[in-house]
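> Please take these sequences and the hints and turn them into a complete structure.
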Amino acid sequence: MSSLSSSPAFNRDIVALEGVTKRFPGIVANDSIDLSIRPGEVHVLLGENGAGKSTLIGMLSGLQQPDEGRILVDGKPSRITSPRHALALGIGTVFQHMMLVPTLTVAENLLLGGPWWQRPRTEELEARVAEITGSLGITVKLHAKVSELSLGEQQQVEILRAMVRNSRLLILDESTSMLTPKGIEELGALMRRLVEQGLAIVFITHKLKEAAAFGDRISVLKLGRKVGEIPPERFRALGEQEIISEIVELMFGRQKDDPEAVERPVRAVDAQVTPLLQVADLRVAPTDNAPGLSSISFDIRPGEILGIAGIDGNGQKQLAEALAGQRAATSGSVRLEGAAIEALSVGERRQRGLRYLTDDRLGEGTVGTFPVSINFFLKQVGAAPLWRSGVEQRGEIDKRAAELVREYDVRTPSLKTPVARLSGGNIQKVLLARELAEGAKVVIFNKPTYGLDLANTLASRQRIRDTAARGLAVLLISTDLEELLSMCDRIAVIANGELVGTVENAEDARTRVGRLMIGLAA
Amino acid sequence: MTGLFSEVFLSALLFGAVTAAIPLLLAGLGEQMSEKAGVLNIGIEGMMLAGAYLGFVGAFYSGSLWLGFLTGAAGGIAVALVMALLCVRIGLNQIVIGIALTLGLEGLTALLHHFQFSRSYPRLPAADATVIPLLSDIPVIGPAFFKHHLIVYLAVALVFGMSYLYRRTQLGLNLQAAGDKPAALDVAGIDVVRTRTIAVLTTGALAGLGGAYLANVGAGLFIPFITNGAGFLGIVLAMLARGRPVWVLFGALLFGVCLSLTTAMQVAGVNIPTDVIQMLPFLAVMIMLVLFGRRASLPAALGIPYERGAR
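Order-wise, the sequence lines are chains B and E. Here our numbering is used: the first residue of the first sequence is 1, the next is one more, and so on. Here our numbering is used: the first residue of the second sequence is 1, the next is one more, and so on.
If you're looking for bench data, these hints aren't it; they were derived computationally from the structure. From a predicted model like this one, the values you see are computed outputs, not experimental measurements. Honestly, I wouldn't trust all of these hints.
Unchecked claim - Covered, in the sense of this in silico footprint (three residues per stretch, anywhere, with C-beta under 8 Å from a C-beta of chain E), are these stretches of chain B:
#1 75-88
#2 344-351
Unchecked claim - If you only want the chain B side, here are some residues facing chain E, beta carbon under 8 Å, derived:
#3 63
#4 99
#5 102
#6 103
#7 112
#8 113
#9 116
#10 120
Even for Gly, the Cβ is constructed at its ideal location relative to N, Cα and C.
Written out as structure tokens, the structure is:
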């Protein structure tokens with residue numbers, strides 16, 4: 001490989017990004033990103049969910065346009081206006097979600113995109129495929145229906161498709177997320193063979209080990225910004241462990257002048273007090289699209305904040321829902337103030353003081369078309385004094401809603417405004433007001449600051465701290481390690497639906513949690 | 001009752017069945033194409049009505065049936081253009097727009113017909129049949145199947161044309177991808193909106209032609225609401241046929257027999273109330289839906305407007 005990269009043609013960027021910025025309503029998905037992509041290199045884009053990896057891919061493959069900055073193809077500034085244009089420039093993408101038509105055969109899928117007046121050129125394709133698969137050492141069943149293939153096979157078909165189209169740059173978006181360990185290994189070997197043929201590969205992942213094992217160059221993204229890059233020279237000089245620890249530092253390390261940094265006031269939680277919430281050996285069966293939970297045990301004392309850290313999609317939502325009673329647990333016990341509540345319904349648990357702030361604010365949290373006032377009391381519909389004999393007491397509801405709007409500083413044009421018209425931060429305040437209302441004892445926050453701007457993030461965090469200071473028990477689920485470190489007394493790490501360890505939030509917590517998150521012992 | 005099974009009666013029954021089946025066949029083939037591409041075309045009843053009205057007007061003033069078919073297809077395309085613009089390009093709800101188009105054209109064609117012909121219903125001369133030599137001499141079958149207007153044979157040939165299109169051509173692949181996984185088609189470099197527009201316009205042309213046949217050959221005149229649900233039967237056929245044009249043909253013939261039977265039984269003076277007899281085709285629809293409806297497989301993206309990179 002080193003002999004290849006020494007030739008001059010190989011040292012030029014196929015594609016380069018200069019100061020590329022992309023905004024979506026409410027968030028900056030990519031914040032002036034620079035990137036250089038070279039032939040003969042596997043360029044790993046590493047970052048957690050929400051780091052802006054998918055948006056970056058969308059812009060390279062012509063699905064989205066940058067708001068600022070420019071993309072250079074072969075040194076020339078280019079606007080990649082459509083997927084067809086991207087293909088013509090030699091950029092082939094294998095998306096995270098399979099882009100094959102399940103009802104067609106492999107051959108038919110590969111033929112998609114030809115001029116419509118032509119008959120599909122099956123023979124030509126077969127010869128071309130034989131040539132490519134031969135050189136890569138893979139086999140593809142051309143005449144099998146795509147729906148009959150395994151996910152790994154489908155992925156090979158997608159890579160093959162990019163090759164058939166003469167791609168010079170292959171983008172693999174979270175390609176290992178659905179593969180078996182063996183499939184991942186095979187993909188790694190395939191990538192190596194492809195770059196040896198002079199291709200450039202952009203490999204997106206959030207798994208550190210894959211990045212270290214398959215990459216030549218690593219760029220780390222965090223919250224839309226590129227926070228660091230390890231060039232090939234350094235990459236080769238370092239051992240795997242050193243690379244991993246350097247990346248951990250980049251991904252989870254504290255940023256200089258971070259506006260979110262707040263000193264955590266030291267609180268004394270009395271270890272002798274009976275815990276408010278006790279969870280022992282909770283289990284939930286996995287479903288088609290969600291991991292199960294197993295061996296979940298923890299206690300939370302009054303005034304304590306327990307954090308749940310982990311990469312998104314490792315069972316956080318399932319845990320929150322199982323505790324709230326929205327998801328059936330197969331075994332295990334949940335005790336609130338010593339009383340078993342695992343058999344109670346959602347409403348009964350709420351009655352006892354268990355509150356759950358969902359991360360799905362507009363989906364299950366609120367009814368978007370209902371006014372702000374009604375959304376405050378969604379979980380009390382029908383109950384006196386807001387409803388009498390099934391009839392809504394408009395005056396009483398408005399009076400209480402007005403108080404909550406003032407107390408929680410909800411910025412709304414009026415009480416009658418449909419809640420979906422508010423900003424994310426204000427919707428969150430409505431939810432906070434509703435769930436922290438009288439009678440709350442244990443509060444579960446699921447990603448409470450996800451997608452909020454800085455001011456609302458800080459306000460939400462303060463609200464959570466106040467909640468604990470009032471003597472409530474708080475379970476804080478977040479994918480933002482910084483947030484957990486600034487707020488929690490203890491941090492538990494969830495991976496594949498299991499709590500893999502709990503760490504006291506002390507000096508070395510950052511590294512210990514980071515290690516647990518990527519599957520190393522703390 | 002003996003007359004019921006006579007040779008003449010049977011061949012008249014089957015002849016009527018074919019005549020009744022052709023509009024259903026054309027509508028079914030058209031609907032099948034747009035459903036394949038992911039557009040649920042409920043406006044097809046309106047497209048047929050537009051085709052029936054304009055087809056009749058074209059044939060009435062020009063004296064040429066073929067010109068009538070042409071204007072009928074053009075009428076269907078005109079309605080389809082509105083559908084393509086609103087549902088494919090702008091991405092409005094296909095069901096709402098489809099119903100609106102159907103209702104709108106029911107009113108519009110009735111109104112225009114009233115202005116033009118007041119309460120009179122002028123007739124066209126009977127259509128010339130193309131008699132196929134030798135085959136038409138077979139007893140019962142011959143007069144039933146081989147003495148039709150040329151367009152009937154063309155419509156049947158279209159079934160095989162469609163089969164070829166779906167199985168063997170690039171356009172067929174594109175259409176299926178547009179309905180099953182439009183995002184995959186888009187990243188393959190094919191414009192999903194354009195592909196779906198082609199499908200919807202073709203549907204319009206076929207439905208318009210079916211309507212024109214219904215008015216000009218089947219009935220020989222235009223009366224308001226003449227399609228009487230033929231477009232909706234076409235939707236049922238397309239859904240039950242699971243993407244296979246030949247099944248649309250079989251289904252259309254089955255419904256055609258039922259429709260023809262209602263006429264034939266009334267003519268034969270069978271002692272059953274007319275209302276019951278007229279229920280027959282719809283009973284057949286329900287039976288077919290119960291028997292095969294569960295196995296109907298529809299394209300995954302049917303009815304969902306495509307938006308690139310939606311998030």
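> Which hint numbers doesn't this structure obey?
Checked against the structure, the only hint that fails is number 2, while the rest are satisfied.
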